[in-house]
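**Q** The hints should help you fit chain C onto chain Z, whose structure is shown.
Protein sequence lines, in the order shown, are assigned to chains Z and C.
For the first sequence, position 105 (counting from the first letter as 1) is numbered 105 according to this note's numbering, and the numbering increases by one without interruption.
For the second sequence, position 72 (counting from the first letter as 1) is numbered 72 according to this note's numbering, and the numbering increases by one without interruption.
All clues stand as given, with none of them false.
Result set (DSS-like, lysine-lysine): computed pairs, CA atoms no more than 30 Å apart in a straight line:
| id | chain 1 | residue 1 | chain 2 | residue 2 |
| --- | --- | --- | --- | --- |
| 1 | Z | K18 | C | K152 |
| 2 | C | K156 | C | K68 |
| 3 | C | K156 | Z | K18 |
No wet-lab data here; the hints were simulated from the structure.
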Amino acid sequence: MRPEPPGAEAALDPHVLKQAAEWLLRLGERDASDADRAACRRWCDQHPDHARAWARAERLRELIAVVPAALARPVLERPARADRRAAVKRLGGLLVLAPGAWLGWRLWERSHGEAILRTAVGERRRSSLADASTVDLDTDSALEIAFDPRQRLLRLQRGQVLVATAADPQRPPRAFRVATRHGCLQALGTRFNVRVGADATRVDVLDGAVRAQPAAAGALACRVEAGQTLRFDARRCGAVAATGSGVATWTQGMFSADALPLSELLDELARYRRGVLRCDPAIAALPVSGAFPLDDSERSLAMLAATYPVAIERRADGWWTTVVARRDHGPAPRR
Amino acid sequence: MHLMHPHRDTLGTLYHDHQPWLQRWLAGRLGCREIAADLTQDTFARLLGGRDLSCVQEPRAYLTTIAKGLMANWCRRQSLERAYLQTLAAAPEAVAASAEQQALVREALHLIDAMLDGLPAQARRVFLLAQFDGLGYAEIAALLGLSLSTVKRHMKRALLGCLLHAP
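Okay, chain Z solo, but in the shape it has when bound:
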């Protein structure tokens, strides 16, 4: 019997999951080609349920990537049931061995779906946590609150969060950590922004400092000071760079760009709107600057069209929007 997380989304059709398993099987073949991968992507795009099933497959891959091979087989292939029954009889000894393990299990069982903050596309929300820390959750994000007697842990499952930590009311004070699929951030200061993407997590430290620890065994940790930004994946930390200006203005509903490639600005705006927002590759690198309203991305697009030599093409009632080079009038005057 497995615990069903409460509030789970509608169950997926087993037939769809079977297809996803077949894709995983195919892509796991030695001779899997780019054509196979493209076909798999097409399958994912066919139906939202396909995409959901594939998200589970991705999650599985991520979990597998976290575990060193040297640990995986001895632990996951340990002798099965007969031994487990015998283990029940030896419980007394086990309890001495692993009280923390017991605690960890109970916290996981309890934390499953118990306190997950979620925002819809276009939504932003500020919440206060039990220790008086505050979190600003960006559009289309999911943050699991897993505080326990030993640590104040947040798991950023998706999206972006700005954390402002408070002093822990408990004595001794517990560590404050934010985990993503790529690793764990320990707060050594008070304000930082965390954004999790498919391939990497980015942290921008506004006040204090943060220690970033990629998830893979043996990966080196990295300290990020106020005014610095770091990208890391499960294996390693990137180079520490200066934080871009206005990195947290999203909490006020504005996105500030300073000579940012157009395609990156559009990726940012796309997170706040439904439908598809694409950029003509010919102008993807066009540097754009300004403060763009996130809650009114139509206005942001109009600002772009007024300031830069671009035009907005809309199809399917605005569900398919493409920003293209403007051809009819030549370049518009720059600001």
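**A** Here is chain C on its own, set in the frame of chain Z:
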């Protein structure tokens, strides 16, 4: 009166009538009162928001079915923790650098273990060889003395099991 919250009312009666009995039953199996008390609470917590309890004919059979499932989970987690500690003791180079990292690794192990639960040993082995040791299906077939199609069948079954029970 009982029309106000029929579910909660039935649950209250159920708790009152059977909680001490269930706790004794679990304590007898587990040999530990604290864990029995926790799993008893968890069993009743499962019933909150669950199905209509007024049509449960054999409440003790129903409660023990749930309690057995929770106990099996608990045992699986215990045996994993033990295997984890033993593996670390035998191969310290596999130790992750920090406590946070170790916590992530262990959490991932527990999740994968739960996904693989109930899978035949052979399918589990095929899955682990492919996913963690990076062996190709043909290599696994040669290693285990199976046909290629059997390896793929096991692999597909394991992958489907993981997707069905993914967190």
